[in-house]
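Trainee: Going down the list, the protein sequences come from chains R and F. Numbered by our numbering, the letters in the first sequence go through residues 6 to 498 in order. Numbered by our numbering, the letters in the second sequence go through residues 6 to 498 in order.
Think of the hints as simulated: they come from the structure by calculation, not from any bench. Where hints are given, some of them may not hold.
Identical copies carry no separate label here, and so any pair may be met within one copy or between two of them.
Below, computed lysine-lysine pairings styled on DSSO-like, alpha-carbon distance capped at 30 Å [claimed, not checked]:
hint	residue 1	residue 2
1	Lys222	Lys336
2	Lys336	Lys77
3	Lys97	Lys416
4	Lys336	Lys256
5	Lys119	Lys222
6	Lys119	Lys256
Number of protein chains: 2
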Amino acid sequence: MEQKGAEAKEAGARTYVTAIADRDEEISQWYTDVVLKAQLADYSPVRGCMIIRPYGYALWEQIQGELDRRFKATGVTNAYFPLFIPESMFMKEAEHVEGFAPEVAWVTHAGNEKLAERLVVRPTSEVIIGATYTKWIQSYRDLPVLINQWCNVVRWERRTLPFLRTTEFLWQEGHTAHRDEADARERTLLMLEVYRSFLEDHLAIPVVTGRKSNREKFAGAVDTYTTEALMGDGRALQTATSHYLGDGFAKVLDIQFLDQDGVHKHVHQTSWGLSTRVIGALIMVHGDERGLVLPPRVAPFQVIIVPIAPEPRRDEVFQAARDLAGQLADKGIRVHVDDRPEHTPGWKFNEWELRGVPLRLEIGPRDLDAGTVVLVRRDTGQKETVNMAEAVDSMPDRLDQLQAAIYAKAKAFLEEHTHFVTRRDQLAELVRARAGMILAPWCGADQCELAVKEETGATIRCIPDKGSEPEAGDRCVQCGQAARHRVYFARAY
Amino acid sequence: MEQKGAEAKEAGARTYVTAIADRDEEISQWYTDVVLKAQLADYSPVRGCMIIRPYGYALWEQIQGELDRRFKATGVTNAYFPLFIPESMFMKEAEHVEGFAPEVAWVTHAGNEKLAERLVVRPTSEVIIGATYTKWIQSYRDLPVLINQWCNVVRWERRTLPFLRTTEFLWQEGHTAHRDEADARERTLLMLEVYRSFLEDHLAIPVVTGRKSNREKFAGAVDTYTTEALMGDGRALQTATSHYLGDGFAKVLDIQFLDQDGVHKHVHQTSWGLSTRVIGALIMVHGDERGLVLPPRVAPFQVIIVPIAPEPRRDEVFQAARDLAGQLADKGIRVHVDDRPEHTPGWKFNEWELRGVPLRLEIGPRDLDAGTVVLVRRDTGQKETVNMAEAVDSMPDRLDQLQAAIYAKAKAFLEEHTHFVTRRDQLAELVRARAGMILAPWCGADQCELAVKEETGATIRCIPDKGSEPEAGDRCVQCGQAARHRVYFARAY
């Protein structure tokens, strides 16, 4: 009977890491396969909502920890505001309502009673936080207010994809209030830079930064700044945004302060956010035909140790693996020993490759005798036999090198998939070919932007910080009038 | 004009830390005053929901960080499950529904559309997590599953109080699945012990641990274990619970596994939680007539430095205060320099006492000349002048001593307010006098428990781990029949 159970399990185990779809042929299926089989997330019984599994959540904890440190270094503190927003309050800022009302969830009853006023489940918290600032801010000495919250938000999406677009998601939303426009604009750009450096240095995701067009900006913002990453399928992904809100919310919500000159003034505000969507970007940007490839700085396990331990030296090899893990942990490295008896080493290699662990160490009886260990890089597959003490000492450097290598690879991909065009047919052709980010001159008119979208499916991702100045003779790719900017077009998630 | 603004601010500032209500006379008002004036939380525009302000949230971050480390040390990992639960799923476990249905918020619409099925905003997640475990658990090798989530939950409360009872609150909920009852019961008690040691060692809150009566246990549990703390007003507060759920949810949700013996079996489960309510306990247990008193291990700022800096030596004193802070920070101490120019030192002393910072350092020109600093303990008010280098070196020990002292004080209070009675009139009298925890013999019948509650307002807080064995001749305090246990009665929050 015992044998039967074990066999059933073994059969289950073997089907557990099955082949994933071909990334070049069917990238959508490949993406879903990686999410599910690397156990990052799972579907839930609730339409459009996902379950973030422990491995995916550990990734989110790494992201949270680092980003939170970076926020706090700029003077931001965390707080927590209510999940629910009364309907009358939510309705105060007209553009904001127009942008969000079609996709909010409504609470109408509690227990068996109908509520006197319906409540919105927050899709974002500008209004409820702003209404609180009205109470907290009296004097110029109370400014700036620099608050962030880590929370869940809900937006009813028609088409959903794990991490990239879900009805409920986790994020952080920063909300600041300032004495004047200059200070608020400075904070907007500071947070854009915090996101850019975090994405590039920590997640190894190269981004284009810039300002959104009028059509694409946040509902209620004066200006929206964005970091745009390029996915493996040539589509762009907005990975973080930072909004200068002006004094629009302040006027509607009456957020005033007495300035040093004795005059009552409205505050100028910003808001900025990054969500679990970046986990989708990590998968798409770094993944390969064998699955996930995680940047060492954010990997829940930076090193996986697989003991290859036939009898009679099993205990000895397992002990050596644990000792090695201890030495790496002492260096601050996140390391895990896969000592599951029910799986073969080969099975484990496949699984941890699928799950994207940056470096693998294999240790067997012969290694033990020779004082060596086999080291395999996840990104290149490069395999070498290294002296054990040397492996421990060099591990931080090796992880740094791997981090740099996958950033360089992603950066090269972005550069290869960035094109400049001047004609509408070229633009349409490149979008069709999923060629990536397409820089093109634009006159600045909403209708030209809309026409491109309707014809090609591409939107303006941003008016880039660098290179948006039109050159003499630049004409709008759509209408042929004089161009005001060079902007990035792309299909987007 | 500038003067006018500054004056207005100063007037505002002076009223900011006004007297708080007398703790001995009006403890409820005192509690609310401390919550609001220490800026731990604020009321929100949403009925029964509070805003956790940065200082209160920093306290929650300290609690989270430490408790999360303790969970992980027992093998638990974090994950995230959906906020919403479909009505049909929520309705599966009858006792659970009976317990929670009267207080759940219902989402009925999204955008302009009515949903095909109503969604519950989670009041707790046994059902949705259990339904997921049905998918994840196949074999005995998949067990135990040890998962926790940090999240918000909603329970529609009629009467609310900041932290102690709010419609939305933050908490963690652990959900584990095991191969058999013994393993699940072991985990239930392990987590009870994690909570007990965290509450006593880290929050300096002494607790009574034990099992809930049938009437008071969690809706759907076989056994609920609790940690009960005693508040300054003689009322008990349930600070954490750990439930052995048996296989009830597993049978309803069909969570089965193939055991090693080839037989399909239902898992045995546990769940356990601790919420932002413990911040209410911290206030109530340690607070005094001057406001909050925070245990050093959990205080956002362990040491506050107030420079007393008249011209012309202002810059010199401020610099010395910052140097001192740097030296303390190097020792891992959370320290803050209050260098706000607009407040007097006396005003700052009051504010940081109200906000409960364990130790205050005052530094002025004479201290600078003498190489000393004035050190004031928040709990005792004890003031001494200490050599500056000695102050830095001794700070970790001083903080430990203060932590031990406030625990000892709370422990003595609990002991002084614990009584043993054998007669109903004694019990009623002690409850009326808000005398604390009242141990009394009980026959074990629901109706006796209910009768006591109706007559006195006291409930059975727990059947304690220690001292619940009845002695010969013990008779139920209510009905006079032979007693089965000695139990703690108290009025509770």
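Trainee: For each hint, tell me whether it holds in the structure or not.
Mentor: Status of the hints after comparison with the structure:
no.	hint	result
1	Lys222 <-> Lys336	neither (45 Å within a copy, 46 Å between copies)
2	Lys336 <-> Lys77	both (26 Å within a copy, 20 Å between copies)
3	Lys97 <-> Lys416	neither (43 Å within a copy, 51 Å between copies)
4	Lys336 <-> Lys256	neither (53 Å within a copy, 46 Å between copies)
5	Lys119 <-> Lys222	between (36 Å within a copy, 29 Å between copies)
6	Lys119 <-> Lys256	neither (32 Å within a copy, 33 Å between copies)
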